[in-house]
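Chemist: Next come the chains, spelled out residue by residue.
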Amino acid sequence: MQQTLEQISLRWLGRAALALVLAGMYLPVAMTVVYSFNESKIGTVWTGFSLDGYRNVFAQEGLLGALWASLAIGAIASSLSVLAGTLAALGLSAWRPRTRLLAQGVIALPLVTPDVIIALSLAMFFSALRLEQGFGTVIAAHCVFGISYAFVVMTGAVQDLDYTVYSAALDCGATPWQAYTRVIVPILAPSLVVAWLFVFALSFDDFLITFLTKGPGADTLPIKIYGQMRFGIKPETSALFVVLFLVTLGGALAASRLLKPAQAST
Amino acid sequence: MTQDESSTPAVELVGVRKEFGERTILDGIDLEIARGEVLVLVGPSGSGKSTLLKIVSGIETPDAGEVWLSGECCTNTPPYRRPVHTVFQNYALFPHLDVAGNVAFPLAVAGMPASRRQPLVEQALGWVHMQRHARRRIDALSGGEKQRVALARALVDRPQCVLLDEPLSALDPHLRAGTLELLEELQAELGLTYLFITHDREEALRIGHRIGVLNHGRLEQIGPPEEVYRRPKTAFVASFLGKINWLSGVKTASGRELEICGCHIPIASQSAAAPGLPPGPVKVGLRPEDVRIGPSGRIQARVVSRLFFGDSTTIRVQAAGDCELVVDQRPASDAAVGDTVWLDWSADAMHLFAGDEPEGPASDIAVGASPAEAGVKEQVP
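Protein chains in written order, with the working numbering: chain Y, 1 to 266; chain B, 1 to 381.
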């Protein structure tokens, strides 16, 4: 069939738009990958190929500590958030629709609140309580948005849950504890993992809220990197980006694989 | 098992009451199920039969009254310590476990080691002809297969009573007969005790050793299927268990005659409800299959319509006094529309009730509705 000029040009226009969007999204990433192999010590001037960036990535002062801080804060904050968010979702599922919707709105509110507002109000809150700012306050701050995200993910999962399986488990002789640990939690497991990874990712790359609640000592990775960038972007920093990017990509793929069977069974 | 134990009822309810807010769901239920017995509870939606089942299983607790299971008072025993299992209407299988995992679940939560579970699971799957599907995922099963897995799960540890919550209502019609047969076979073979609830009167009459009819939280009648069908104690039971014609009549002052459709008919002495009724207006129930069309009989009527089903006909006739009846004739009757025919019936086919007694919501099945339409659909709340 003969295609008109109009159709052909439309098709190419679409392809060009897609290419532009993808370039906008991934060119910076690609650039970072390229510059992570740069020999030069000062950022954006290419002088030659080198693996020194990768060799020295964790030799930088304080970087490894910051990475561990980020991982620990992320793990603790997302575990607490998923626990609280799941309990809230399970508990609210038994409420009457009107009060439930109200409560759901209140719990999910931090999702649409600008980070800067959360950050500032938490900073004021912590200092008003004269809490010593550090890891504890950062974890608490991350739970503020973490619980909201975990709650939203788990509410969806709990709504899909057929609650007669709980009665069935009791009927089969399971104690309420066994019914939860052997039936409800395994059924919710894929969503629990997704919620955990989701909150972990948010916690891991949070800058603003961490920056205003961390106090002097508790530097996370984004904060450390921000501090380094005042001296230009070194190949070590780029190399770190690449490592983190690959780790994130792996996590995202794992999460999407886990989510698929959960959707298929509903 | 000692002689004493075997004579203890598997299930005994004493004065069980349940209210949800203002609504009385169960209004003083007394009930006994013997070991090895199949008791079917029928009733329309909202009659309280699902709640009754939940009270036996322990998912609900009664507001008053007692629940005894195999001679032990279980009124406040949690469901997981009761020797009964439920087959749920929607199967309620565990989607994260495979077929064998579901069947093994009651044994696993009781702490039985895997090596001892295995033969019992295989045996239970054998009972329901599912042993070749032990490793299949639940979402890969058909409705009938899911039902059989649910049954195996309920039977695997040989409970004192199996509670069946409308087990056939979610199945395709062509699977129901087979599943009913399987339930009957297993019951006979393993000596099981069933408490079976349904809104389907044919299912009830077919499988029940005894049938209890629930209406508005009360047990209106309980007894063998023939007795409940042939000698209903209330108009509600009469209309709920089968098609029936309701005629208004008057019991004469002498108490020995009945005036219906402009005719005087002697009352049978054995007619169950008759002796207690005072003279005056009465309600007379007459089942379509109990009326014969012939050359002679009690009353004369004109054929208004005729439905031919091959082996039978359903004929609607009109008699004097604006009295309309539906008559089933098997084998098919030759009476044609417009013919004047005689109707005859035996005296004990008449079911007499007080004139103001309610017939219940199922009375609309009286005139010619098919059994499938007659059943009142019930959704478990």
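You may find that some hints are simply not true.
Claimed, not checked - Pair ranges (Cβ atoms, derived):
1. B:R136 / Y:V193: 46 to 54 Å
2. Y:A23 / B:R135: 48 to 56 Å
3. B:R136 / Y:Y180: 49 to 57 Å
4. B:H174 / Y:S93: 56 to 64 Å
5. B:T61 / Y:L246: 52 to 60 Å
6. Y:L71 / B:R135: 34 to 42 Å
Stated by the list, open to error - According to the in silico footprint, chain B covers these stretches of chain Y (three or more CB under 8 Å from chain B):
7. 163-173
8. 182-189
Claimed, not checked - Here are some chain B residues the structure puts well away from chain Y; computed CB gaps all over 10 Å:
9. L93
10. H96
11. A114
12. E122
13. A177
14. H209
15. E220
Keep in mind that the hints were calculated from the coordinates and are not lab data.
Every residue gets a Cβ at the ideal spot worked out from N, C-alpha and C, and that includes glycine.
Chemist: All the hints need checking, so say for each whether the structure fits it.
Modeler: Hint by hint, here is what the structure shows:
Checking the proposed 46 to 54 Å range against R136 (chain B) and V193 (chain Y) shows it is violated: the Cβ atoms sit about 25 Å from each other. Between A23 (chain Y) and R135 (chain B) the C-beta distance comes to about 49 Å, which sits within the given range of 48 to 56 Å. Taking 49 to 57 Å as the suggested C-beta distance range, the pair R136 (chain B) and Y180 (chain Y) does not conform, at roughly 26 Å. For H174 (chain B) and S93 (chain Y), the hinted distance range of 56 to 64 Å is not satisfied, since their beta carbons lie about 37 Å from each other.
Checked against the given bound of 52 to 60 Å, the beta carbons of T61 (chain B) and L246 (chain Y), roughly 57 Å apart, stay inside it. Evaluation of the 34 to 42 Å hint for L71 (chain Y) and R135 (chain B) yields a pass: the beta carbon distance comes to about 39 Å. With a threshold of 8 Å between beta carbons, the proposed coverage of the region 163-173 of chain Y by chain B holds, since 9 of its residues qualify and at least three are required. With 5 residues having a Cβ less than 8 Å from any Cβ of chain B, the region 182-189 of chain Y passes the three-residue criterion, so the hint holds.
Non-interface call for L93 (chain B) relative to chain Y: violated, since the shortest CB-CB distance, roughly 8 Å, does not exceed 10 Å. For H96 (chain B), the shortest C-beta to C-beta distance to chain Y comes to about 4 Å, within the 10 Å cut-off, and the non-interface label is violated. Its beta-carbon lying about 14 Å from the closest one in chain Y, A114 (chain B) satisfies the requirement of being farther than 10 Å from that chain. Distance check for E122 (chain B) against chain Y: the nearest CB is about 18 Å away, which clears 10 Å, and the non-interface claim stands.
With 10 Å as the threshold on Cβ separation, the claim that A177 (chain B) sits away from chain Y holds: the shortest Cβ distance comes to roughly 26 Å. With a cut of 10 Å on Cβ distances, H209 (chain B) stays outside the contact zone with chain Y, its closest approach being about 24 Å. For E220 (chain B), the requirement that its beta carbon stay farther than 10 Å from each beta carbon of chain Y is met, with the minimum near 28 Å.
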